[in-house]
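A.B. asks: The primary structure of each chain is shown beneath.
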Amino acid sequence: MTPPTPPASTTAGSPGLAEMPSIQALKDVRAASCGPVGSPTVTSDLSENVILTTLDDIHNWARLSSLWPLLYGTACCFIEFAALLGSRFDFDRFGLVPRSSPRQADLIIVAGTVTMKMAPALVRLYEQMPEPKYVIAMGACTITGGMFSADSTTAVRGVDKLIPVDLYLPGCPPRPEAIFDAVIKLRKKVGNESLAERGNLLPTHRYCTVPHQLVPTEPIVNGRYLRAETQQAALAAAAGLPLGALEAERDAALNTGSSPADANLPS
Amino acid sequence: MVAIQDASPAPMVDASAAATPAPQRAAGDSTLLKSTTRHVRLFTARVENGDLVPDPSQLTLDVDPDNEFLWEPPVLAKVQQRFGELVNARAGEPLNDYTLRRIGSDLEGFIRQLLQTGELRYNPDCRVLNYSMGLPRTPETL
Numbered sequence: 009m010t011p012p013t014p015p016a017s018t019t020a021g022s023p024g025l026a027e028m029p030s031i032q033a034l035k036d037v038r039a040a041s042c043g044p045v046g047s048p049t050v051t052s053d054l055s056e057n058v059i060l061t062t063l064d065d066i067h068n069w070a071r072l073s074s075l076w077p078l079l080y081g082t083a084c085c086f087i088e089f090a091a092l093l094g095s096r097f098d099f100d101r102f103g104l105v106p107r108s109s110p111r112q113a114d115l116i117i118v119a120g121t122v123t124m125k126m127a128p129a130l131v132r133l134y135e136q137m138p139e140p141k142y143v144i145a146m147g148a149c150t151i152t153g154g155m156f157s158a159d160s161t162t163a164v165r166g167v168d169k170l171i172p173v174d175l176y177l178p179g180c181p182p183r184p185e186a187i188f189d190a191v192i193k194l195r196k197k198v199g200n201e202s203l204a205e206r207g208n209l210l211p212t213h214r215y216c217t218v219p220h221q222l223v224p225t226e227p228i229v230n231g232r233y234l235r236a237e238t239q240q241a242a243l244a245a246a247a248g249l250p251l252g253a254l255e256a257e258r259d260a261a262l263n264t265g266s267s268p269a270d271a272n273l274p275s
Numbered sequence: 040m041v042a043i044q045d046a047s048p049a050p051m052v053d054a055s056a057a058a059t060p061a062p063q064r065a066a067g068d069s070t071l072l073k074s075t076t077r078h079v080r081l082f083t084a085r086v087e088n089g090d091l092v093p094d095p096s097q098l099t100l101d102v103d104p105d106n107e108f109l110w111e112p113p114v115l116a117k118v119q120q121r122f123g124e125l126v127n128a129r130a131g132e133p134l135n136d137y138t139l140r141r142i143g144s145d146l147e148g149f150i151r152q153l154l155q156t157g158e159l160r161y162n163p164d165c166r167v168l169n170y171s172m173g174l175p176r177t178p179e180t181l
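Just so you know, the protein sequences line up as chains A and B, in that order. Numbering-wise, our numbering puts 154 at position 146 of the first sequence, and it's gapless, one number per residue. Numbering-wise, our numbering puts 146 at position 107 of the second sequence, and it's gapless, one number per residue.
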C-alpha cells in the first residue's frame with residue numbers, strides 16, 4: 009500500500025515540517041490501513057441473553073456461594089479464623105456468613121485441638137447441622153493431634169476419628185489466606201455434587217441396647233460450688249461495694265500522701 | 040434423623056423440695072452420658088421409636104451411623120457381641136464418661152482389628168473417603 013502524497017498546502021511551512029503529513033493525511037492513512045470498526049453495540053442476540061444451565065448447576069452455584077460456617081473454635085486456630093471475619097481478610101465476599109447456631113450452618117471449620125471431653129459436644133453439633141453439611145479440619149491438631157499426638161492422654165488424634173472430614177487444611181495454625189484456599193477448594197467440591205446422590209447422606213443407625221451392671225455415680229462437676237456458703241459470702245462481699253468505691257479509696261489514699269505502691273494496690 | 044431427648048437440667052433452686060420430700064433420684068438420671076466417636080456411639084439410653092430416651096440402667100450402642108464401612112450382618116453381630124462382653128466385664132465399675140470412653144475405645148480397637156483382618160471393608164460410596172483407620176492395603180503392599 010502506497011501512502012498518499014501530502015497535499016501541497018502543507019508544504020508551505022518551515023523546511024523542517026516539509027515531510028510532515030497533515031492531520032487529515034494521517035487520518036486518511038489510518039482509515040486506509042486499519043480497517044476501522046463502528047462503535048460497539050449491546051448485543052440483542054437470543055443466544056447471548058439466555059443462560060442455559062442445569063438445575064443441578066444452579067442449585068450448586070447457589071449453595072457454594074452461601075456456605076455458612078458455624079462459629080466453632082477451641083484453640084489458637086480460631087484466632088486465625090477470627091482474623092478472617094474482620095475487614096482485612098473479609099470472608100463475607102465469599103458468601104460466608106458466620107452462624108452461631110448449628111441449625112443454620114452448613115460448614116463447620118474445626119479450629120483447634122479436640123479432646124475426648126469435647127468429642128460428644130462436637131459430634132452433637134455436627135449432627136444438629138442440616139444436610140448437606142461439610143467439615144474442614146483446620147490445623148495440625150485436628151488433622152493428626154499435632155503436637156499433642158506424642159503423649160497426650162486426651163487429645164483426639166485427628167477429627168476424622170469423630171466426624172467425616174471433607175477437607176484437610178494443614179498448618180499450625182494456617183494463615184487466613186490458607187483458609188480461603190480451603191474454602192475455594194470446598195466450593196469446587198460443592199459444585200461437583202448432584203442432587204441425585206443426596207440419598208447417600210442419610211445416616212444408618214444400627215442400635216443395640218444392653219442392660220449393664222455399672223454403678224451409677226454422681227457426677228464430679230455439678231455446679232454446686234456456686235451455691236457453697238464460702239462462694240456466696242465472697243459474692244456478697246463484692247456486691248456490697250458501691251460502684252466507684254475502689255477509685256474513691258485510691259483517690260483518698262493519694263490525697264493523704266501515702267506511698268504510690270499502696271495507692272496502686274486497689275486498682 | 041434421630042432426636043436425642045435430653046432430660047431437662049436440674050433446676051438451680053428446687054422450689055418443691057420444701058413442700059415435699061425430694062424423691063430419691065438415681066444418679067445420672069438427669070444427664071445422658073455418652074461416648075461418641077465416628078464408629079462407636081455409646082449412650083446411657085434406650086431406643087423408643089427411633090429416639091434415644093435417657094435410661095441410666097441401659098446402654099445403647101450405635102455402630103458407624105455415617106457408613107464408613109460396609110457392614111454385613113455377621114460382622115455387625117460380632118461387634119455387638121463384643122460390646123456385650125465389654126459391658127459385662129466392667130460390672131461394678133462406676134457409670135461415668137470415663138468408663139464409657141474405655142468401652143468405646145476398646146470397641147474402636149476391635150473394629151480396627153476386623154478391618155485389618157479383612158472382615159470389614161471401607162465403603163467406597165461413603166460421603167467422604169477419609170480412611171480414618173488407615174489406608175486400605177493389599178497383601179502385596181504390606
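Please note that the accuracy of each hint is not assured.
Said to hold, decoys possible - Simulated restraints, written as ranges between beta carbons of each label pair:
hint, chain 1, residue 1, chain 2, residue 2, range
1, B, 132, A, 213, 38 to 46 Å
2, B, 97, A, 155, 35 to 43 Å
3, B, 97, A, 226, 46 to 54 Å
4, A, 125, B, 124, 21 to 29 Å
5, A, 203, B, 157, 34 to 42 Å
6, A, 102, B, 179, 41 to 49 Å
7, A, 203, B, 96, 43 to 51 Å
8, B, 157, A, 201, 30 to 38 Å
9, B, 157, A, 214, 14 to 22 Å
10, A, 204, B, 97, 37 to 45 Å
What the hints assert, rightly or not - Residues from chain A that face chain B, not an exhaustive set, calculated with beta carbons under 7 Å:
hint, residue
11, 131
12, 133
13, 136
14, 207
15, 213
16, 214
17, 215
18, 216
19, 217
20, 220
21, 222
22, 255
23, 257
24, 258
25, 261
26, 262
As the list claims (entries may be wrong) - Pulled from the structure, derived: some chain A residues nowhere near chain B, Cβ distances all over 12 Å:
hint, residue
27, 49
28, 84
29, 140
30, 167
31, 168
32, 176
33, 212
34, 227
35, 251
Everything labelled a hint here was simulated from the structure, so no lab data went into it. Heads up, the beta-carbon is just placed ideally off N, CA and C, and yes, glycines get one too.
A.B. asks: Which of the stated hints cannot be reconciled with the structure, identified by number in ascending sequence?
C.D. replies: Result: hints 1, 3, 12, 13, 14, 22, 23, 24, 25, 26, 29, 30, 31, 32, 33 and 34 break, sorted rising.
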